[in-house]
Amino acid sequence: MSALPLTDPQTTRRDKRIVWGIVGLIAATVLIGTFGPARTKPPALAPAEDPACAEWGDGCKVCRRLESGFACSLPGIACTPGAMACLRGTGEP
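Going by the working numbering, the sequence shown opens with residue 29, and the numbers climb by one from there.
Hints are computed from structural coordinates only; laboratory data are not their basis. Bear in mind the structure is a predicted one, so any value in this text is a computation, not a measurement. Ideal Cβ placement from N, Cα and C applies to all residues, glycine included. A hint or two may mislead.
Said to hold, decoys possible - Ranges of calculated distance between the beta carbons of each label pair, as one might list FRET restraints: (1) Thr57 / Gly87: 41 to 49 Å; (2) Ala74 / Ile50: 30 to 38 Å; (3) Cys107 / Leu73: 22 to 30 Å; (4) Leu73 / Pro103: 21 to 29 Å; (5) Val51 / Lys89: 53 to 61 Å.
Working from the sequences, and respecting the hints, build out all of it.
Structure follows, in structure tokens:
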């Protein structure tokens, strides 16, 4: 009885090409992610720094832009501040 080969040489070559193709795709993906341009948004202006925001607050205190600067209310005793947000733009009533 003759022993049959456990692997076919043609199948082995094809498998090696598939493995190297996968390795190449992974390497290309990592390189593109590392050296590609970063997609970042510019940082948003804080409401106090944004000239288009006339009034802003955090749920506890409200600040308003005046000709002489800006003025803010005092927060209540049991107030939990949230995120600072623009409440009224300069063109709004």
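Given a hinted range of 21 to 29 Å, is it respected by the beta-carbon distance of Leu73 and Pro103?
-> holds (23 Å)
Note whether the CB distance of Val51 and Lys89 lies within 53 to 61 Å or breaks it.
-> Check passed, 58 Å falls within 53 to 61 Å.
Holds or violated: 41 to 49 Å for the Cβ distance of Thr57 and Gly87?
-> holds (44 Å)
Kindly confirm whether 30 to 38 Å is satisfied by the beta carbon distance between Ala74 and Ile50.
-> violated (47 Å)
Has the hinted range 22 to 30 Å been met by the Cβ atoms of Cys107 and Leu73?
-> holds (24 Å)
The structure does not agree with numbered hint 2 stated previously, though it agrees with all others.
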